[in-house]
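Undergrad: So the chains spell out like this:
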Amino acid sequence: DTGVSQDPRHKITKRGQNVTFRCDPISEHNRLYWYRQTLGQGPEFLTYFQNEAQLEKSRLLSDRFSAERPKGSFSTLEIQRTEQGDSAMYLCASSSPWGSETQYFGPGTRLLVL
Amino acid sequence: AQKVTQAQTEISVVEKEDVTLDCVYETRDTTYYLFWYKQPPSGELVFLIRRNSFDEQNEISGRYSWNFQKSTSSFNFTITASQVVDSAVYFCALTTNYGGSQGNLIFGKGTKLSVKP
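Protein chains in written order, with this note's numbering: chain B, 47 to 160; chain R, 8 to 124.
The reader is advised that the hints may include incorrect statements.
[Said to hold, decoys possible] Capping the alpha-carbon separation at 25 Å, the derived lysine-lysine pairs in DSS-like fashion look like this:
hint : chain 1 : residue 1 : chain 2 : residue 2
1    : B       : K103      : R       : K119
2    : B       : K57       : R       : K45
3    : R       : K23       : R       : K45
4    : R       : K77       : R       : K116
5    : R       : K119      : R       : K45
6    : R       : K123      : R       : K77
7    : B       : K103      : R       : K23
8    : R       : K116      : R       : K10
9    : R       : K123      : R       : K10
Simulated from the structure, these hints should not be mistaken for laboratory data.
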């Protein structure tokens, strides 16, 4: 059974550049979540999809951030005009709608903005 | 508001010692779920256990055990006879949106466990 995958695993960019991350959830999981984790902290919720619908956005998700899940399968998270404060681990998780609320996480994308 | 507190920032033990990681949560909802995740140095969060608010039975899985007490809003995690491979950051998390709602997890800050040989 394939787990959640994320690409790339690492990204180094210069301030002001745009970056895009991809997440492939566990197949048949219709719920997909994005979290951000900074050093020494627990993950913080960014946004949530149920199928292709984006149902919730955190206040952490500024207008420079956008997420999509066009066909209800994989999702992308784009950050425009990156800032040094965007340096973090970006985690994706998915869950099944049937009974279990357990979220399974991918390996994350570690972003460093220089 | 919901909140998870893991007061222990770092714990260091010697192999074969028992260790307990504390978790205290806050919520006004009567239906909620509690989780523990393990984050090894590789960075991936590994699911360990889920417990719902209506089930206060303690659970044991091999060397791992969990003590859920609603009276003290705590969900503590004990590793018996710790091993070097247990070294990781452990997160306690809470979700209160069940059954058709968002279900985003609220995490504590984590406890870094170091097990020395």
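Undergrad: Take the hints in turn and mark each one as holding or not.
TA: A quick look at each hint next to the structure:
{"no.": "1", "hint": "K103/B / K119/R", "in the structure": "29 Å, violated"}
{"no.": "2", "hint": "K57/B / K45/R", "in the structure": "24 Å, holds"}
{"no.": "3", "hint": "K23/R / K45/R", "in the structure": "19 Å, holds"}
{"no.": "4", "hint": "K77/R / K116/R", "in the structure": "21 Å, holds"}
{"no.": "5", "hint": "K119/R / K45/R", "in the structure": "10 Å, holds"}
{"no.": "6", "hint": "K123/R / K77/R", "in the structure": "33 Å, violated"}
{"no.": "7", "hint": "K103/B / K23/R", "in the structure": "44 Å, violated"}
{"no.": "8", "hint": "K116/R / K10/R", "in the structure": "11 Å, holds"}
{"no.": "9", "hint": "K123/R / K10/R", "in the structure": "31 Å, violated"}
The structure fails hints 1, 6, 7 and 9 (numbered hints given earlier, in ascending order).
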